[in-house]
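Chains as they are written, first to last, in the working numbering: chain Y, 41 to 381; chain E, -8 to 282.
Hint data in this document are derived by calculation from the structure and do not stem from the laboratory. Careful: at least some of the hints might be erroneous.
Computed list of lysine to any residue pairs in SDA-like fashion (alpha-carbon distance at most 25 Å, straight line) [unchecked claim]: (1) E/K81 x Y/S345; (2) E/K169 x Y/D230; (3) Y/K187 x Y/G81; (4) E/K180 x Y/R155; (5) E/K81 x Y/G142; (6) E/K81 x Y/A330; (7) E/K180 x Y/L215; (8) E/K81 x Y/V233; (9) Y/K226 x E/K180; (10) E/K81 x Y/A227; (11) E/K169 x Y/L173; (12) Y/K226 x Y/L215; (13) E/K81 x Y/L343; (14) E/K49 x E/G109; (15) E/K169 x Y/N231; (16) Y/K187 x E/D255; (17) E/K81 x Y/D230; (18) E/K81 x Y/K187; (19) Y/K226 x E/D24; (20) E/K81 x E/A164; (21) E/K81 x E/G64; (22) E/K81 x Y/F223; (23) Y/K226 x E/Y82; (24) E/K81 x E/G176; (25) E/K81 x Y/L154; (26) Y/K226 x Y/G142; (27) E/K81 x E/I61; (28) E/K180 x E/L73.
Fair warning: this is a prediction, and the values are worked out from it, not measured in the lab.
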Amino acid sequence: MSRPASGGNPYVNLGVLAVVVVALCFLPVMTSPYYIRVATGIALWAGIALSWNVICGYAGYISFGHVAFFGIGAYTTAILMQPNMDWNFWATLPVAAVIAGGVAALVGWPALRLRGAYFAIATWALAEAVRELTTVLHFTGGSGGLKTPIRLDENFFFYTMLATTAIAYAFCYLLLERSRFGFQVKALRDNEVAARAQGINTNLVKIEAFVLSAVIPAVLGGINAYWITFINPDSVLNTIITDQLVVMVLVGGLGHAWGPALGATAMFLLQEQLRVSYGETTAYIIIVGALVMAIVLFLPDGLVSLGRRARRMRLVRQLLGRVRDDVAPQRAEKQTEEATQ
Amino acid sequence: MTELAQALVGGILIGGLYVAISIGFSLSFGVLDVVDLAVGMWVVLGAFAAIVASDALKVDAFALLPVVFIVFGVVGWLIAPLIYRVRTSKYALPALMGLAFTFGLATLIRGGLLTTFGYTPRTVRTSFFSGNVELFGITAPAIRVAGFGFAVVATGLFIAFLFYTRTGLAIRATAQSKENAGLMGIDVKRISSLVYAIYTGLTAMAGAMLGAIYAMTPEVGLRYTLFAFFVVVLAGLGSVVGVMAAGLFLGVLQSLVTTYVGADYTLLVVFGVLFVALLLFPQGISRRGLA
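The following block holds chain E by itself, in its conformation from the complex (with noise of 0.2 Å):
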């Protein structure tokens, strides 16, 4: 029984951090039309820069996120013009020339990790939270109980965000719909580049974050992509609540399959829950998913 619950709190746990990955992606999905296969090298890109800054600088990891997230910010930035001149190109096909574009940044980063840093897996090192937690008998490693608490605090800001503020106003306007919002005065590719930007940092920042619980090495990327897009199918899109339900339920899904079946079989039953999805909801759960 205890084992159980300790399974699910530690899912929970990290279903947290799944959630601050997801619900970037789930908007930039939303807003530019075009699901970023890079998501899960953004996620190791992030473990990975809070790595090499904190040894460079001598600096505990945690430290740096706010520094992670602004230099990943500007990234962002810097790239969705690209996308956004792929995916309103009056060229054929411009919705599978996007996710072509995605997967080839996606290739890109993973090469340039491997070429950089090998296959040697590494881990963000922090000396700010050490030991267990105990709470009710259920001991958590303090590290995921932190992960969770900033996953709570960085979802609930850009949710904030994203509802109080004028600008929250005009991306979920465009998120529903590009031509009224144009017609309304927004500045539809500078919303684009705004929300990707947020997503790219809020990612890598949850990566570091991440790469603290779990070893990253660039092959892992894969596997966070397809977590993501995991919860963006249950979730349906626009969905905030249904992302926050779907990433802890990934998270729980995890821990219990880790606890008893053992680790290798994750990808498989994500997989069969995903195909299942799929099949009993035709409409991808939300009406946009329809071709």
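Here chain Y stands alone, though its shape is the one from the complex (with noise of 0.2 Å):
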């Protein structure tokens, strides 16, 4: 499940990333601003997608709650980077993401206990909560929302989205792949009771790997408020979003590495052309419930698991095995005769 499915040859896989970050890098000479941006929010997407597969795939806890941490970072950066505060953009992510983290510490250390699906309520709880509270409060600007500084440069944050998300990635992947860390969420994943056996503080383990897919989405959304230049609850804070991610992470598969980047660049290319052919359409909304039940029922690793190595393929060749060893003894038999004459 979390093996590369691609396997094979390390120097070609490092050949082919190399390709496609040279090639995302020259992206803005290449072509026309609609496609920067359409890449802009593509990258925007893998990397909260991302961040919901270190809780869901690695951890094994689902949150329907990320866009609560989404919203935290977009409301950080916005409220201070208000006139009356001022501050400057870069200044206000790692604020964004010190609020997510603590936020998530503190709603992971009662919910992490529990079976997963009372997590999943309290984050989804938590989500509608600060939703209501942004409603409420007066500097987060009501329902109305908030308007940030306009800063009309898409290839700023192209870069600055891009080199999140890349950078998040390697992160994550460094520590969910090749380290201790890793190997501790994924055996707590398997099963609880041995890894504490094994003498893993699984609580610990499971609020790390929490706050680690917060403070993601929230540095996501802080760019985010500030490209998007106005936020409001129906924005950064809409439900849609977290049934986006949920979408995106299984179609892509849950628990890969690469996964999530997958997923969301199919599910958002979906979304924008069904946006240019038929307008805003809440039918968007059919299509991602059915897509996630389809993907539960008959795909449960997601297209990842379509790859060369994987398990369904796997078993494919065994059947096709089987059908060999069948006819094989016969062979075997006809030739010990023939030798023995």
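Got two chains here, each in a separate frame; can you build the complex from them with the hints?
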């Protein structure tokens, strides 16, 4: 589940990665501003989807309140950049990360000790509570929202978003696939009692994973607030954001290092295409819901499980192999007969 | 003083409906081992079904309550095997996948309702219960009293079914231990479908009732999901008395917050109480909350 599905030669993988990185870096030179906006959106969603994958795919706790951290980040940046505060944009991002991490630790502390369902709804309630809070408080602008200073530089946002997401991916990859922490998280996901018996402080590891998965959307939310220049509870705290995360990660591949990026790209392009063809439509929510159900039923490991080395393909090969095995003994007998003659 | 009494009575009257919503939810959690995140959507769907049907058939919405129960029972009966299949699959993390599945179901229903009816709030119109009821100097809208009466009858019938029939015994046995129930010759899959069907029917019917009291939009479904979960966390799994107490408590809490603080703060307070409850009772109040 956690090994890269492509497998094979690490140099080939690195080469492919290098080509992708170079192509992304030179994207603004090659295409029009519209496609840069689309690419920025993909980078944003790939980052948030990654963060959801950390808590759900690796730690095995489903969070339906991730939009809360995105919103907290967006509001922190927006509030600190108001004319009366006038902070530098870069200085606001660490603050957003710290606040979101603190909230995650506070909520995760009681909720993560319980069975997954309790955590799922506690986070969901958190998202609704945050949304209600921003609507009634005055310094968040209520339901009217907040404006951020306007910066008309698509390339700046593209590179910022891309770099943030890339750093997040590199960080999570090293932490979850190449370190002790990753083994601890996966161990508690697969069997919590056994993990505890091995001396892992499971409660602490779970909270750490949750904080990690809260910090990423907060930073991205901050960048997003600066990018879209106007935020309100309906845009950055909308439940549709959580819906999107769930479907993106499930489509891509739960608990897989590169699954979220794949799923985010596929779903964002689909959504963008729908928007271009039919305008803003709530029918998209139907598609999201139906896709989530279909994937849970028929393709629980997502698109990455269709890869060459994945379990599903191995099953097919095993079936083929068994057919060959049925044939093989007869051939062997014939050969021995021929040999004796 | 009258204001406080008024708020308390209003809260208890609404709380009865929360009990009706949560009791099936709690049982299906126990039997299917999956938290149905679509519970709030069944509430909203029930209300919208009553609105559409009474408009189309020119029948009073309350006369259609049994029809709502049967229709949604059938729908639940058809969906339950899918949830059962996801929950019992040999695949990794079936519990998590079960949650994701019902989440997808909730999203699907929400999207469908938004696309069909839009964001405009609607109410179930009925001419049966109008005006106010006055007792001991406390006035309450007749519709709320009727809602409470309905909740008492529905919950009572449900409990009688659970405790005085052989099927009810099988359901309670399944909720306690699926393996042992299966060994005693109970078809666990069938029982799961039955429980889910009764639960969806009951919840949709309570939703139609609730729709006559509060305006419904597809967006409020989430609110009722959180309410039902709040009740189950506070009550503890498998405790019928607990569900009643917690449901009434939620009604009173909501009523007090609305009267003295403001309706905008309801979910904040509910979340705060939920947070404290989870903090004080890490065993999930009932021991089955543990991982």
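A quick look at each hint next to the structure:
1. Between the alpha carbons of E/K81 and Y/S345 the distance comes to roughly 16 Å, so the proposed pair stays at or under 25 Å and holds.
2. In summary, the hint linking E/K169 to Y/D230 is supported, as the alpha carbons are separated by about 22 Å, within the 25 Å threshold.
3. Proximity of Y/K187 to Y/G81 is assessed by CA-CA distance (about 20 Å); at most 25 Å being required, the pair is judged to hold.
4. Proximity of E/K180 to Y/R155 is assessed by CA-CA distance (about 23 Å); at most 25 Å being required, the pair is judged to hold.
5. About 37 Å separates the Cα atoms of E/K81 and Y/G142, which puts this hinted pair outside 25 Å; it is violated.
6. Between E/K81 and Y/A330 the CA atoms are separated by roughly 22 Å; this keeps the pair inside 25 Å, and the hint holds.
7. Taking the CA atoms of E/K180 and Y/L215, the gap is near 42 Å; set against the 25 Å cutoff, the hint is violated.
8. Between E/K81 and Y/V233 the alpha-carbon distance is near 20 Å, which keeps this suggested pair within the 25 Å criterion.
9. Note on Y/K226 and E/K180: the hinted pairing is violated, with a Cα-Cα distance of about 31 Å set against a maximum of 25 Å.
10. With a C-alpha separation of about 18 Å, the suggested pair E/K81 and Y/A227 falls inside the 25 Å cut-off, and the hint holds.
11. Distance check on the hinted pair: E/K169 and Y/L173 sit about 42 Å apart at the alpha-carbon level, beyond 25 Å; violated.
12. Simply put, Y/K226 and Y/L215 have alpha-carbon atoms about 12 Å apart, close enough for the 25 Å limit, and the pair holds.
13. Distance hint between E/K81 and Y/L343 is fulfilled; the C-alpha atoms sit about 19 Å from each other, no more than 25 Å.
14. A hinted pair counts as satisfied when its Cα atoms are at most 25 Å apart, and E/K49 with E/G109 qualifies at roughly 23 Å.
15. Restraint check for E/K169 and Y/N231: satisfied, since their Cα atoms lie roughly 21 Å apart, inside the 25 Å limit.
16. Distance restraint check for Y/K187 and E/D255: the Cα-Cα separation of roughly 23 Å lies within the 25 Å cut-off, and the hinted pair is therefore satisfied.
17. At roughly 13 Å between alpha-carbon atoms, E/K81 and Y/D230 fall within 25 Å of each other, so this suggested pair holds.
18. Only pairs whose Cα atoms come within 25 Å are accepted, and E/K81 paired with Y/K187 is rejected, the gap being roughly 50 Å.
19. Annotation: proposed proximity of Y/K226 to E/D24 holds, straight-line Cα distance about 23 Å (limit 25 Å).
20. In summary, the hint linking E/K81 to E/A164 is supported, as the alpha carbons are separated by about 24 Å, within the 25 Å threshold.
21. With a CA separation close to 28 Å, the supplied pair E/K81 and E/G64 exceeds the 25 Å bound.
22. This hinted pair checks out: E/K81 and Y/F223 have alpha carbons roughly 23 Å apart, not beyond 25 Å.
23. For the given pair, Y/K226 sits about 16 Å from E/Y82 by alpha-carbon distance, which is consistent with the 25 Å threshold.
24. Between E/K81 and E/G176 the alpha-carbon distance is near 23 Å, which keeps this suggested pair within the 25 Å criterion.
25. For the proposed pair E/K81 and Y/L154, the alpha carbon gap of about 23 Å is at most 25 Å, so the pair holds.
26. Distance restraint check for Y/K226 and Y/G142: the Cα-Cα separation of roughly 23 Å lies within the 25 Å cut-off, and the hinted pair is therefore satisfied.
27. A C-alpha spacing of about 33 Å is found between E/K81 and E/I61, which places the hinted pair above 25 Å, so the restraint is violated.
28. Proximity of E/K180 to E/L73 is assessed by CA-CA distance (about 11 Å); at most 25 Å being required, the pair is judged to hold.
Of the numbered hints given earlier, the model fails hints 5, 7, 9, 11, 18, 21 and 27; all others are met.
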